[in-house]
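Chains A and B supply the protein sequences, listed in that same order.
Per the working numbering, the first sequence starts with residue 291, numbered consecutively.
Per the working numbering, the second sequence starts with residue 291, numbered consecutively.
No lab work stands behind these hints, which were simulated from the structure alone.
Incorrect hints may appear among the rest.
Any copy, or any two copies together, can satisfy a pair, since identical chains are not distinguished.
Straight-line Cα separation of at most 30 Å, DSSO-like style, residue types lysine-lysine; simulated pairs [unchecked claim]: (1) 374 - 329; (2) 358 - 329; (3) 336 - 358; (4) 428 - 329; (5) 374 - 324; (6) 329 - 366; (7) 336 - 428; (8) 366 - 336; (9) 324 - 428; (10) 374 - 450; (11) 366 - 428; (12) 450 - 336; (13) 366 - 324; (14) 366 - 450; (15) 329 - 450; (16) 428 - 450.
There are 2 protein chains.
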Amino acid sequence: MPLEPIKDPTNNSVPSTQPELIEPLCAIFRRTLKAEGLKYTPERAKILDTIIDFDSLFEADQLLDTLKAQGHSVSKATVYRTLKLLESAGIIQHVLVGREQSHYQLAIGQTGNTLLIDVDTGDIITTELPELIELRDKLCAAHGLTAQAHKLQIFVTSNK
Amino acid sequence: MPLEPIKDPTNNSVPSTQPELIEPLCAIFRRTLKAEGLKYTPERAKILDTIIDFDSLFEADQLLDTLKAQGHSVSKATVYRTLKLLESAGIIQHVLVGREQSHYQLAIGQTGNTLLIDVDTGDIITTELPELIELRDKLCAAHGLTAQAHKLQIFVTSNK
DNA sequence: CTTGGTGCAAACATTTTGCAGCACA
DNA sequence: TGTGCTGCAAAATGTTTGCACCAAG
């Protein structure tokens, strides 16, 4: 059942990401899967759709719950297996915050991601710091290395 | 048995850190423990000594093995409990790299730490990027936040 | 029919916790 | 005598794997 028509992200959570993101990402995923001789199954499609609907960071657990809440029954194993596929397709990336479990996020702006983590409340704001790129590349060059990506976490407190 | 005399780091691994680091860190740890009504036990002292001898990053497991290899029998539970204490004393910090298990490192240069992670070999270089501080503080200010610390991971490939 | 995908449950690895006994104040 | 610390073993997490069955080319 490949190539099932792509649905609108009219699911549960706030549609935080632009709907038009769905098509390209599905396409990327399908292409990557095909290149590996793997299949674009309904489960995989639903998982990606659900991820796209998330605000930035999410956890495997959360994803599983949301899928269940939507009436899609997808097993834990399939979720984890699909997360791995999505990661190696470059569609999502691991983001480890503090000592907790794994978080993931869509890897859209591949410039690298900056997280502002409120140490009091645990709130996380995802943002970008484009000026870092130059700095980063200079540092790498000095080590004879080439930067492929980066992650910056800033632990903050509120001024309020 | 508080205040046991501080030994030289003449243990197993390469003495990578300056010996004079030992005193201050022990002192900080002792002070923090005392402030909480906790005790500076031989186990805790040995754990800190062993950590100081490590090259930058280490894992709980590694720490446990090294302690055992030195003939100090410290239980897993105590290691984990002590790591938490050291973390809240600001002596070590969590560094999560990729999808693997927790790594820790001494939090000496509290300016924040920069890791160069070779995606091919898994090698990790720890370094500093002082220019980032200003950038970081500006970003936080724009969000009405104050930066307390940061971590930067740069994923690299070798130019060789 | 062959290859890949799924769910389930069991297995795993890492970290945490409960508890009994110990040691110092 | 009480408070904290330890080791052990059990529990709790989060993630992975083995397996039997299903589905599509």
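For each hint, the structure was consulted:
no.	hint	result
1	374 - 329	within (14 Å within a copy, 44 Å between copies)
2	358 - 329	within (22 Å within a copy, 48 Å between copies)
3	336 - 358	within (11 Å within a copy, 48 Å between copies)
4	428 - 329	neither (41 Å within a copy, 46 Å between copies)
5	374 - 324	within (16 Å within a copy, 46 Å between copies)
6	329 - 366	within (18 Å within a copy, 43 Å between copies)
7	336 - 428	neither (41 Å within a copy, 40 Å between copies)
8	366 - 336	within (14 Å within a copy, 41 Å between copies)
9	324 - 428	neither (37 Å within a copy, 44 Å between copies)
10	374 - 450	between (39 Å within a copy, 29 Å between copies)
11	366 - 428	neither (42 Å within a copy, 41 Å between copies)
12	450 - 336	neither (40 Å within a copy, 42 Å between copies)
13	366 - 324	within (23 Å within a copy, 45 Å between copies)
14	366 - 450	neither (40 Å within a copy, 41 Å between copies)
15	329 - 450	neither (50 Å within a copy, 36 Å between copies)
16	428 - 450	between (36 Å within a copy, 17 Å between copies)
Comparing the model with each earlier hint shows violations of hints 4, 7, 9, 11, 12, 14, 15; every other hint is respected.
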